[in-house]
Amino acid sequence: MDSTIKSEPLVAVRGLSFFRDGRPIFRDLHLTVAPGSVTAIMGGSGAGKTTLLSLIGGRLEPHAGEVQVAGEVVGSLSRKALFALRKRMGMLFQSSALLTDLDVYENVAFPMREHTRLPEALIHHLVLMKLELVGLRGARGLYPPELSGGMARRVALARAIALDPMMVMYDEPFTGLDPISMGVIVKLIRDLNDALGMTSIIVTHDVAEACTIADYIYLLGDGHVIAEGTPAEMQKTSSPEVRQFMAGLPDGPVAFHYPANEYMADIRAEVGS
Amino acid sequence: MSAMTRVTAGIQRLGRRAIDGTNRLGRATLFLVRLVPGLGAILLRARLIVQQLYMTGVLTLVIILVSGAFVGMILALEGYNTLVKYDAQSSLGLLVALSLTRELGPVLTALLFAGRAGSALTAEIGLMKATEQLAGMEMMAVDPLVRVVAPRFWAGWIAVPLLAMIFTAVGILGAYVVAVGALGLDGGVFWSQMQSGVSVTNDVIGGLIKSVVFGFVISWIAVFEGYDAKPTSEGVSRATTRTVVSSSLAILGLDFIMTAFMLRGL
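Protein chains in written order, with our numbering: chain A, 1 to 273; chain B, 1 to 266.
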């Protein structure tokens with residue numbers, strides 16, 4: 001692990017600031033992802049985790065700072081160069097984002113058909129290989145609405161690795177799954193990462209699962225990294241913010257209440273009007 | 001004072017609406033400009049356009065055939081009723097053919113197409129956006145403007161003139177059935193009046209130009225509204241409604257303008 005951290009990072013976020021509707025999402029965010037690692041980016045809902053993936057994938061541009069992927073500054077690339085870079089990244093959306101007018105087989109074949117001129121027989125082999133990896137070779141003829149949430153996510157995973165990317169980004173891969181499907185996804189992410197030599201970035205708020213598979217964890221809050229470390233370090237930390245998050249306490253440094261006026265003053269104001 | 005502020009608020013609302021409208025038109029135009037390279041690129045993958053042509057064109061065929069037949073039959077009844085007062089019922093074939101080729105064929109087809117296929121296009125693209133399918137494509141380095149929007153745009157544009165021609169042809173046949181079958185007009189007179197009175201260059205080509213323009217405008221509005229829709233259920237439903245309303249208004253407005261130009265040219 002130490003050796004991978006010392007090598008050149010695959011993803012480097014430096015001094016990133018991003019605003020949405022004037023509201024700051026990130027302020028001076030720094031983080032790096034070592035090649036070959038599974039890095040978990042954690043934070044509460046609304047901490048900008050998904051936004052961060054969009055910034056890494058070049059779907060949004062930072063207002064300050066830069067995002068580097070494989071040595072290229074994402075925001076400064078031409079559309080063509082950006083698309084070339086994206087062919088080397090896979091992304092698993094929370095909603096799976098499968099194309100509903102295509103069956104499972106065609107969904108996995110989609111990136112190959114769009115980006116390669118491979119003969120049909122080879123595409124057939126490749127698709128079946130990818131589906132075998134996620135255990136859904138038998139479901140190739142089903143359409144996305146016929147799949148359970150867990151199966152859809154596995155198909156999306158097979159599609160994300162269709163072009164053998166250097167890295168896969170997972171947006172909330174554990175959300176809304178039953179325990180068995182969750183276990184399957186956790187195992188798949190780790191196994192694929194190690195077997196295919198990929199780098200994985202997982203955005204999640206599931207503490208237990210992230211601790212099981214991540215090599216390194218970043219905890220985001222208030223627009224920047226509030227804590228980072230290996231799962232063991234994160235569990236042991238004494239920082240109140242981290243402990244609140246890792247233990248799932250309803251109140252603490254992250255307040256239970258959305259910012260509001262003083263309670264009694266608010267009630268009187270309602271009555272008065 | 002309060003009346004004054006109400007007037008000011010009204011003017012402000014009007015101004016905001018005008019600015020919003022102009023803003024939207026600007027964004028739709030920029031969208032079209034961004035779409036142009038995709039329109040060229042997708043021609044190499046004609047299969048995708050043919051697929052969409054089936055979805056938008058062929059599946060709209062039933063409503064076009066039925067409406068066309070009824071419109072023709074009604075035209076025959078109404079036209080006969082008026083013409084017979086002047087003993088001019090022999091011109092019925094001409095009246096029907098001119099009405100259909102110049103106006104009713106292109107305009108009614110476009111209105112029906114906007115309601116049947118334009119709304120479906122908007123809803124489909126809007127839902128693809130809402131379910132992150134478009135974002136997913138972008139992350140797979142596939143440009144949704146080329147892969148999703150361009151084939152649908154072409155299909156809509158091609159389908160409308162073809163459907164308008166079918167509408168007109170079926171309408172004339174419907175009128176023939178009523179005029180000759182029910183009203184007892186002479187079939188030979190019906191056709192020969194049409195043949196001598198309808199000009200290919202002015203009437204047929206004029207109608208064709210109209211339907212090409214309508215096809216372009218409906219497709220443009222439909223794909224723009226879908227692509228621009230807020231990715232929520234409400235956003236998609238609003239976008240679908242806007243497609244039908246804007247397309248219908250654009251069709252009628254453009255029809256007036258084009259008719260004015262074409263009549264001046266005669």
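A portion of the hints provided could be inaccurate.
Unchecked claim - Some chain B residues near chain A, calculated using beta-carbon distances under 7 Å: (1) ALA130; (2) THR131; (3) GLU132; (4) ALA141; (5) VAL142; (6) THR241; (7) VAL245.
To be verified - Listed next, with one range per pair, are the computed distances between beta-carbon atoms: (8) B:THR259 <-> A:SER45: 55 to 63 Å; (9) B:PRO231 <-> A:PRO259: 22 to 30 Å; (10) A:SER45 <-> B:VAL50: 40 to 48 Å; (11) B:VAL58 <-> A:THR175: 36 to 44 Å; (12) A:LEU128 <-> B:ALA41: 15 to 23 Å; (13) B:MET4 <-> A:PHE256: 25 to 33 Å; (14) A:GLY44 <-> B:VAL50: 46 to 54 Å; (15) B:ILE205 <-> A:PRO119: 56 to 64 Å; (16) A:HIS63 <-> B:THR201: 34 to 42 Å; (17) B:ARG238 <-> A:PHE19: 20 to 28 Å; (18) B:VAL50 <-> A:PRO119: 20 to 28 Å; (19) B:ALA3 <-> A:SER45: 23 to 31 Å; (20) B:GLU103 <-> A:LEU128: 22 to 30 Å; (21) A:PRO179 <-> B:LEU252: 27 to 35 Å.
Said to hold, decoys possible - Which chain A residues stay away from chain B? Per the calculated CB distances, all over 12 Å, these: (22) GLY58; (23) ARG79; (24) ASP101; (25) LEU142; (26) ALA156; (27) ALA162; (28) SER181; (29) ASP222; (30) VAL225; (31) GLU233; (32) GLU262.
For the record, the hints were derived by calculation from the structure and aren't laboratory data.
Glycine included, C-beta positions come from ideal geometry on N, C-alpha and C.
We went through each hint and held it up to the structure:
Below 7 Å, beta-carbon pairs count as interface contacts, and B:ALA130 has none with chain A, the closest being about 9 Å; its hint is therefore violated. Interface restraint check: B:THR131 against chain A, minimum CB-CB distance 6 Å, threshold 7 Å, status holds. Look at B:GLU132: its Cβ gets to within about 4 Å of chain A, closer than 7 Å, so that hint holds up. Hint on B:ALA141 holds. Least Cβ distance to chain A is approximately 4 Å, under the 7 Å limit.
At a threshold of 7 Å, the smallest CB-CB gap from B:VAL142 to chain A is about 5 Å, leaving the interface hint in force. Because the beta carbon of B:THR241 sits about 23 Å from the nearest beta carbon in chain A, more than 7 Å, this interface hint is broken. Because the beta carbon of B:VAL245 sits about 27 Å from the nearest beta carbon in chain A, more than 7 Å, this interface hint is broken. Between B:THR259 and A:SER45, the C-beta spacing of about 56 Å keeps the proposed range 55 to 63 Å intact.
In this structure, B:PRO231 and A:PRO259 meet the distance hint of 22 to 30 Å, their C-beta atoms being roughly 27 Å apart. Judged by the Cβ atoms, the range 40 to 48 Å given for A:SER45 and B:VAL50 holds: they are separated by roughly 44 Å. Against the hinted window of 36 to 44 Å, the Cβ-Cβ separation of B:VAL58 and A:THR175 comes to about 40 Å, which satisfies the hint. Distance hint check for A:LEU128 and B:ALA41: the Cβ-Cβ separation is about 30 Å, which falls outside the suggested range of 15 to 23 Å.
Remark: the range hint 25 to 33 Å for B:MET4 to A:PHE256 is contradicted by a beta-carbon distance near 46 Å. Judged by the Cβ atoms, the range 46 to 54 Å given for A:GLY44 and B:VAL50 holds: they are separated by roughly 49 Å. Distance hint check for B:ILE205 and A:PRO119: the Cβ-Cβ separation is about 47 Å, which falls outside the suggested range of 56 to 64 Å. A beta carbon spacing of about 58 Å between A:HIS63 and B:THR201 contradicts the range 34 to 42 Å that was offered as a hint.
Look at B:ARG238 against A:PHE19: about 27 Å separates their beta carbons, and that is inside 20 to 28 Å. Under the hint 20 to 28 Å, the C-beta atoms of B:VAL50 and A:PRO119, about 23 Å apart, fit the expected range. As the Cβ distance of B:ALA3 to A:SER45 is approximately 47 Å, the hint placing it in 23 to 31 Å is violated. At about 57 Å, the CB distance of B:GLU103 to A:LEU128 disagrees with the hint of 22 to 30 Å.
Restraint check, A:PRO179 to B:LEU252: a C-beta distance of roughly 59 Å breaks the suggested window 27 to 35 Å. Consistency note on A:GLY58: stated as away from chain B, yet its beta-carbon is not over 12 Å from all of that chain's, at 9 Å minimum. At roughly 8 Å from the closest C-beta of chain B, the C-beta of A:ARG79 falls inside 12 Å, breaking its exclusion from the interface. Not every CB of chain B is more than 12 Å from the CB of A:ASP101 (nearest about 9 Å), against its label as outside the interface.
The Cβ of A:LEU142 lies farther than 12 Å from every Cβ of chain B, with a closest approach of about 17 Å, so its non-interface assignment holds. Chain B draws A:ALA156 into its interface by the beta-carbon criterion, the shortest separation being 8 Å against a cut-off of 12 Å. Distance to chain B contradicts A:ALA162 as a non-interface residue, since its nearest Cβ pair spans about 8 Å, not more than 12 Å. For A:SER181, the requirement that its beta carbon stay farther than 12 Å from each beta carbon of chain B is met, with the minimum near 19 Å.
Every CB of chain B lies more than 12 Å from the CB of A:ASP222, the least distance being 26 Å, so the non-interface label holds. No Cβ of chain B approaches the Cβ of A:VAL225 within 12 Å, the least distance being about 24 Å, so the stated non-interface status holds. Every CB of chain B is more than 12 Å from the CB of A:GLU233 (nearest about 32 Å), matching its label as outside the interface. A:GLU262, annotated as away from the interface, keeps every beta carbon of chain B farther than 12 Å; the closest lies near 32 Å.
Comparing the model with each earlier hint shows violations of hints 1, 6, 7, 12, 13, 15, 16, 19, 20, 21, 22, 23, 24, 26 and 27; every other hint is respected.
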